[in-house]
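Colleague: Sequence:
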Amino acid sequence: MYLCVFILLTNKSKDIYQKAFRLLKTESEKKGIKLEPKTVMSDFDLAAINGVREVFPGALTQGFHFIQCLWRNIQEKGLSSDYNSKEESRKWFDQIKSLAFFPPSYVHFASLKQDDIIRLKPRVWLNENIINYFFNLLIEKS
Numbered sequence: 001m002y003l004c005v006f007i008l009l010t011n012k013s014k015d016i017y018q019k020a021f022r023l024l025k026t027e028s029e030k031k032g033i034k035l036e037p038k039t040v041m042s043d044f045d046l047a048a049i050n051g052v053r054e055v056f057p058g059a060l061t062q063g064f065h066f067i068q069c070l071w072r073n074i075q076e077k078g079l080s081s082d083y084n085s086k087e088e089s090r091k092w093f094d095q096i097k098s099l100a101f102f103p104p105s106y107v108h109f110a111s112l113k114q115d116d117i118i119r120l121k122p123r124v125w126l127n128e129n130i131i132n133y134f135f136n137l138l139i140e141k142s
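No gaps in the numbering here: position 140 of the sequence shown is 140 in the UniProt record's numbering, and each next residue is one more.
Bear in mind the hints are in silico, worked out from the structure with no lab data behind them.
Possibly wrong hints are sitting among the right ones.
[To be verified] Per label pair, the in silico range of CB-to-CB distance: (1) 85 x 58: 31 to 41 Å; (2) 24 x 46: 15 to 25 Å; (3) 94 x 59: 20 to 30 Å; (4) 57 x 9: 14 to 24 Å; (5) 81 x 34: 38 to 48 Å; (6) 29 x 86: 34 to 44 Å; (7) 31 x 90: 29 to 39 Å; (8) 95 x 28: 42 to 52 Å; (9) 33 x 60: 12 to 22 Å; (10) 58 x 32: 13 to 23 Å; (11) 85 x 22: 41 to 51 Å; (12) 32 x 59: 19 to 29 Å.
[Said to hold, decoys possible] Below, in silico cross-link-like pairs of lysine-lysine (BS3-like), each with a Cα-Cα straight-line distance of 30 Å or less: (13) 12 x 34; (14) 30 x 19; (15) 97 x 12; (16) 34 x 14; (17) 25 x 14; (18) 31 x 14; (19) 86 x 97; (20) 19 x 34; (21) 38 x 91; (22) 12 x 38; (23) 97 x 14; (24) 19 x 31; (25) 30 x 14; (26) 77 x 91; (27) 38 x 97; (28) 19 x 38; (29) 34 x 97; (30) 12 x 31; (31) 25 x 12; (32) 25 x 97; (33) 38 x 25; (34) 38 x 14; (35) 97 x 77; (36) 12 x 30.
Beta carbons: idealized from backbone N, C-alpha and C, even for Gly.
Kindly generate the complete structure, drawing on both the sequences and the hints.
Modeller: Shown next, in the form of structure tokens:
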């Protein structure tokens with residue numbers, strides 16, 4: 001996943017989001033780029049989500065606040081310094097974050113793999129509490 005666009009708007013109405021997304025789509029097409037995002041990450045602002053659904057009906061919308069919650073949990077467990085100093089820890093965290101982008105039809109599959117993820121811990125600071133937090137926050141509530 002790569003950050004592609006920041007959009008600064010004057011308000012948070014569905015109309016303004018739709019205008020911004022349509023303009024982005026139009027300007028991209030002028031440059032020969034056909035925008036068909038599979039996933040759009042934003043906060044859980046209903047107007048933004050509805051704007052995405054209107055302009056990019058095939059896109060899955062995901063919430064940024066989930067990643068913030070996961071990061072806060074890592075900090076609370078005292079693991080942020082390990083994350084900052086070890087590449088393997090960063091890679092593991094990024095892999096856990098990406099589980100949030102499973103299509104809903106794969107969520108059950110992901111939850112079946114929780115034990116497999118926990119068993120991967122030999123060379124990584126992998127903390128079983130973080131895995132359990134992730135599955136309780138995202139998978140169990142889905």
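Colleague: Are the hints correct? Go through all of them and say.
Modeller: Status of the hints after comparison with the structure:
Distance hint for residue 85 and residue 58: a CB-CB separation of about 40 Å, consistent with the stated range 31 to 41 Å. Between residue 24 and residue 46 the C-beta distance comes to about 20 Å, which sits within the given range of 15 to 25 Å. For the hinted restraint 20 to 30 Å between residue 94 and residue 59, the CB-CB distance of approximately 21 Å keeps it satisfied. For the pair residue 57 and residue 9, the supplied restraint of 14 to 24 Å holds, since their beta-carbon distance comes to about 21 Å.
At roughly 43 Å, the beta carbons of residue 81 and residue 34 sit within the given window of 38 to 48 Å. Residue 29 and residue 86 have their C-beta atoms about 43 Å apart, which keeps the hinted 34 to 44 Å range intact. With their beta carbons about 33 Å apart, residue 31 and residue 90 fall inside the hinted range of 29 to 39 Å. Under the hint 42 to 52 Å, the C-beta atoms of residue 95 and residue 28, about 29 Å apart, miss the expected range.
Separation of residue 33 from residue 60 is about 20 Å and conforms to the stated range, judged on CB atoms against 12 to 22 Å. At roughly 20 Å, the beta carbons of residue 58 and residue 32 sit within the given window of 13 to 23 Å. One distance hint, 41 to 51 Å for the beta-carbon pair residue 85 and residue 22, holds here, with the actual separation near 44 Å. At roughly 20 Å, the beta carbons of residue 32 and residue 59 sit within the given window of 19 to 29 Å.
Taking the CA atoms of residue 12 and residue 34, the gap is near 26 Å; set against the 30 Å cutoff, the hint holds. Taken as a hint, the residue 30 and residue 19 pair is honoured in the structure, with Cα atoms around 16 Å apart against an allowance of 30 Å. A C-alpha spacing of about 27 Å is found between residue 97 and residue 12, which places the hinted pair at or below 30 Å, so the restraint holds. For a cut-off of 30 Å, the pair hint linking residue 34 to residue 14 stands: about 23 Å separates their Cα positions.
Between residue 25 and residue 14 the alpha-carbon distance is near 16 Å, which keeps this suggested pair within the 30 Å criterion. Proposed proximity of residue 31 and residue 14 is supported: the alpha carbons are some 26 Å apart, at most 30 Å. Proposed proximity of residue 86 and residue 97 is supported: the alpha carbons are some 17 Å apart, at most 30 Å. Taken as a hint, the residue 19 and residue 34 pair is honoured in the structure, with Cα atoms around 17 Å apart against an allowance of 30 Å.
For the suggested pair residue 38 and residue 91, the alpha carbons sit about 22 Å apart, so the restraint of at most 30 Å is met. A C-alpha spacing of about 23 Å is found between residue 12 and residue 38, which places the hinted pair at or below 30 Å, so the restraint holds. Our distance criterion of 30 Å between C-alpha atoms is met by residue 97 and residue 14, whose separation comes to about 28 Å. For the proposed pair residue 19 and residue 31, the alpha carbon gap of about 18 Å is at most 30 Å, so the pair holds.
Of the supplied pair hints, the one linking residue 30 and residue 14 holds, its CA atoms being roughly 24 Å apart against a limit of 30 Å. Of the pairs offered as hints, the one joining residue 77 and residue 91 holds, with about 18 Å between alpha carbons and a cut-off of 30 Å not exceeded. As the CA atoms of residue 38 and residue 97 are separated by approximately 16 Å, the hinted pair is consistent with the 30 Å bound. Annotation: proposed proximity of residue 19 to residue 38 holds, straight-line Cα distance about 20 Å (limit 30 Å).
Between residue 34 and residue 97, the direct Cα distance comes to roughly 27 Å. Compliance with the 30 Å bound is thereby established for this hinted pair. Taking the CA atoms of residue 12 and residue 31, the gap is about 27 Å. The hint holds against a cut of 30 Å. A C-alpha spacing of about 19 Å is found between residue 25 and residue 12, which places the hinted pair at or below 30 Å, so the restraint holds. Restraint check for residue 25 and residue 97: satisfied, since their Cα atoms lie roughly 27 Å apart, inside the 30 Å limit.
For the hint pairing residue 38 with residue 25, the CA-to-CA distance comes to about 14 Å; that is within 30 Å, so the pair holds. Between the alpha carbons of residue 38 and residue 14 the distance comes to roughly 20 Å, so the proposed pair stays at or under 30 Å and holds. Between the alpha carbons of residue 97 and residue 77 the distance comes to roughly 17 Å, so the proposed pair stays at or under 30 Å and holds. Restraint check for residue 12 and residue 30: the C-alpha separation of about 26 Å stays at or below 30 Å, so the hint holds.
Hint compliance for this structure: hint 8 alone is broken.
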